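Participant: Letter by letter, the chains look like this.
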Amino acid sequence: MVASEISKIGKSLNMFPLTSQSFINCLIQEGYKFFTGVPCSLLSGLIYELEGQEEARYIPAVREDAAVGLCTGAYLSGTMPVLLMQNSGLGYSLNAFTSLNLIYNIPILVIMSWRGKDGKDAPEHIIMGDIDKKLLQTARMEYSLLNKENYAEVLKKAKKKIYEEKLPYTLIVEKGLFDERH
Amino acid sequence: MKGTEAFQELLPLIKDDEPVVHANGFICRESFALKDREANFYMIGSMGLASSIGLGVALCKPEKKVIIFDGDGNVLMALGTLAMIAGEAPKNLIHVVIDNEVYESTGNQRSLSSKVQLENVAKSSGYKNTIRVEKKDEIKLAFLKLKELPGPNFLLIKVKPCFDPSTGRVTHTPEEITKRFMQAIG
Ligand SMILES: Cc1ncc(C[n+]2csc(CCOP(=O)(O)OP(=O)(O)O)c2C)c(N)n1
Ligand SMILES: [Mg+2]
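Here the protein sequences come in this chain order: A and B. Residue 183 in my numbering is what sits at position 179 of the first sequence, and the numbering runs on without skipping anything. Residue 70 in my numbering is what sits at position 68 of the second sequence, and the numbering runs on without skipping anything.
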């Protein structure tokens, strides 16, 4: 991708109030058309918005590593993929990232929920909530903490990583950022 | 039948621009040594993911016949992906399993496929057509039939574990594999 095209990225990113709907619409406008993952309640609003979309599809994956495989197939076919997962799925998908995406230069936009933040969550989330960012750093995978103010900037950064370096980029989503649908 | 013989039968039946996603280990090496193709995706790590990668390609390239060359150990590691394939049901996907009933690449340790019939797992998951072949001269007819019929389709080929260790390794770098595969399938 040439510099002039990169500078165009974010045209559709004029600041808007961040909701599940506006965020999904923005991702689709930005060219992400293939979504898959394993649900997390923190991401349930986003997944709800994906159902019934005409321009993009959401494929329910059985596991996060299989979702990485799906995203890889989509990218190889010229469709930019997004993976939605809970941070517990990082454990399942780490080998896929290290032995596939990071060495084959196959990018994915990863949207990962942060369960176990500050040790305040159900017991099964506490350890991963503490080490998930360290795991990403150890694997040399870049990420940003998404919030209501920084999403335009963060999406630009992600797109640069994805199009220029052809590497995955992770957006971390805390509880309360998006609505939950039960 | 040897694994090599199965590939010798299959490879001439595949057109140049048809994407083929390979499972890791000997599957990659056999196929590469016999006939390297631009539209081959050689997966060197990420055991179990050839099937989900193939599904992703099949969904995004509905106009192309997409072929997965898988191994029994790889399929067993990702049985859930059979459900994903059956659930999404791409008509253009053909899943071929070279079943030697062992993890041959790591020294012939037994797998479960001598006891679990993978073609039945595929069938009950919802694959449209499944065929099991044990003889070399049955491969051509079965594969061409499965290429013709709307999928997702499954071909299980029982082979003996007798890989020749002098068979070369894939010489392309992972980055090169990505680039040429993307160009070849357009
Ligand atoms: C996650 C993971 N576990 C183990 C391995 C080691 N390994 C590489 S190839 C292979 C065997 C694959 O078995 P199968 O799909 O039956 O193919 P075959 O070797 O029999 O041709 C194994 C266990 C690996 N690469 N990745
Ligand atoms: Mg085997």
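These are calculated hints, taken from the structure and not from any lab test. Worth double-checking, as some hints may not be accurate.
For the chain A half of the interface with chain B, some residues (derived, Cβ under 7 angstroms), not all of them [as the list claims (entries may be wrong)]: (1) V66; (2) R67; (3) L74; (4) G77; (5) S81; (6) Y96; (7) L104; (8) N109; (9) A143; (10) G180.
A short list of chain A residues far from chain B (calculated; beta carbon distances all over 10 angstroms) [claimed, not checked]: (11) Y52; (12) G82; (13) G123; (14) K152.
In this text the structure is predicted, and so the values were computed from the model without any measurement. Glycine is no exception: its CB is placed at the ideal position from the N, C-alpha and C atoms.
Participant: If you check each hint against the structure, which ones fail?
Facilitator: 6, 9, 10 and 12
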